[in-house]
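Asks: Residue 337 is where the sequence shown ends in my numbering, and the numbering goes up by one at each step.
Everything labelled a hint here was simulated from the structure, so no lab data went into it. Any given hint could be a false lead.
[Unchecked claim] Simulated restraints, written as ranges between beta carbons of each label pair: (1) Arg80 / Ala250: 18 to 28 Å; (2) Met130 / Leu289: 35 to 45 Å; (3) Asp160 / Gly87: 35 to 45 Å; (4) Glu209 / Val154: 46 to 56 Å; (5) Gly204 / His284: 31 to 41 Å; (6) Asp276 / Pro44: 36 to 46 Å; (7) Glu278 / Asn57: 47 to 57 Å; (8) Glu241 / Trp46: 53 to 63 Å; (9) Leu185 / Ala232: 45 to 55 Å; (10) Leu298 / Pro76: 19 to 29 Å.
[To be verified] In silico DSS-like pairs for lysine-lysine, Cα to Cα no more than 27 Å straight-line: (11) Lys75 / Lys112; (12) Lys239 / Lys137; (13) Lys239 / Lys195.
Heads up, the beta-carbon is just placed ideally off N, CA and C, and yes, glycines get one too.
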Amino acid sequence: MTVAVLPDPVRPLLEDRLPEWVEPLWWSDPENLVELAPAAEIGWFDLHLKPPVLRSVQLARGLRWLNTSYAGVDWLPLADLEGRGVKLTCGSGLTTTQVSEFAVMTMLAFAKDYRAVVRAQDGHDWLSVPPGIRDLSGSRALVLGYGAIGHAIGRALEGLGVEVVPVRSKAGEGALGPGDWRGELDGFDWIVLALPGTGDTVGLIGAAELAAMKPEAVLVNFARADIIDQPALIDALRERRIAGAILDTVDPEPLPRDHPFWSLENAHVTMHLSGIPTPASQQRAADRFLRNCARFRGGTGLEAEVDLQRGY
């Protein structure tokens with residue numbers, strides 16, 4: 026038997042479907058996870074609160090496969106996992122639909138200033154003109170990070186009449202290369218970040234990149250918070266050097282109540298809600314885990330297995 030320490034919320038989706046060789050131990054809270062972790066050969070330790078997860082990975086010395094529903098894994102001890110021979114699978118692709126829908130929703134809400142519409146309804150105030158007059162149709166979007174989520178956002182935007190230009194490993198027809206996009210920033214209305222978090226992406230959007238954007242540009246981040254130099258962005262927003270920012274991820278999370286992002290009218294903070302599991306994405310996660318159980322047993326490659334050196 027192989028001991029798998031698994032989260033109780035997915036128990037209804039897994040319990041009757043687990044293979045006979047898996048002995049499940051179900052954890053219900055952070056303390057319970059840390060208590061059960063040393064027994065894990067297979068682990069699924071997902072928590073928004075990261076210290077108990079990291080402690081559990083440290084304690085699980087017999088761990089052979091760690092699964093997570095998070096797409097980004099840069100917060101995990103990747104070098105340690107590689108040194109221990111632990112396989113890691115991530116949530117790549119599980120939340121593609123919901124994140125892309127959320128991203129496009131926020132861009133539409135920004136363009137039409139839907140916040141003002143909601144405030145008017147709350148105040149019983151009948152507006153005579155629309156508060157937002159930007160159109161997505163006819164605008165241009167640069168998408169950095171053209172994996173599953175970036176590609177899905179791009180497809181949805183194209184359906185709304187947006188010209189989408191991805192950044193790929195090599196420049197080609199309709200795409201910019203990694204060394205080309207900075208010089209083209211002033212040509213885009215939307216700069217959409219959907220990159221995996223790695224050491225190379227930290228501070229990718231800093232003061233120089235913000236200065237290169239046109240005043241009408243909106244920075245849209247559905248990637249890692251540390252991709253953006255936040256103090257530089259706050260200055261740019263405060264001085265209206267760009268039109269705005271849509272930020273699903275920020276640092277720290279949750280934001281302190283006195284953080285400038287809360288009070289800047291042109292900062293739209295969506296509280297990392299886009300990737301919170303939905304019933305559909307939880308079902309996809311459970312189904313993938315079961316497929317990977319068969320692959321793990323058979324010694325074949327796992328779906329969504331992370332390259333521990335590259336970090337994604």
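Asks: Now look at each hint and say whether the structure bears it out.
Replies: So, going through the hints one by one against the coordinates:
1. For Arg80 and Ala250, the hinted distance range of 18 to 28 Å is satisfied, since their beta carbons lie about 23 Å from each other.
2. A hinted range of 35 to 45 Å for the beta carbons of Met130 and Leu289 is inconsistent with their spacing of about 20 Å.
3. In this structure the hint that Asp160 and Gly87 lie 35 to 45 Å apart at CB is violated, the actual value being about 57 Å.
4. For the hinted restraint 46 to 56 Å between Glu209 and Val154, the CB-CB distance of approximately 34 Å leaves it violated.
5. Evaluation of the 31 to 41 Å hint for Gly204 and His284 yields a pass: the beta carbon distance comes to about 34 Å.
6. Checked against the hint of 36 to 46 Å, the pair Asp276 and Pro44 passes, with Cβ atoms roughly 40 Å apart.
7. Our hint of 47 to 57 Å for Glu278 and Asn57 is violated, since their Cβ atoms are close to 24 Å apart.
8. The hinted window of 53 to 63 Å between Glu241 and Trp46 holds, with their beta carbons roughly 58 Å apart.
9. Look at Leu185 against Ala232: about 31 Å separates their beta carbons, and that is not inside 45 to 55 Å.
10. One distance hint, 19 to 29 Å for the beta-carbon pair Leu298 and Pro76, holds here, with the actual separation near 22 Å.
11. This hinted pair checks out: Lys75 and Lys112 have alpha carbons roughly 19 Å apart, not beyond 27 Å.
12. With a CA separation close to 19 Å, the supplied pair Lys239 and Lys137 stays within the 27 Å bound.
13. For the hint pairing Lys239 with Lys195, the CA-to-CA distance comes to about 25 Å; that is within 27 Å, so the pair holds.
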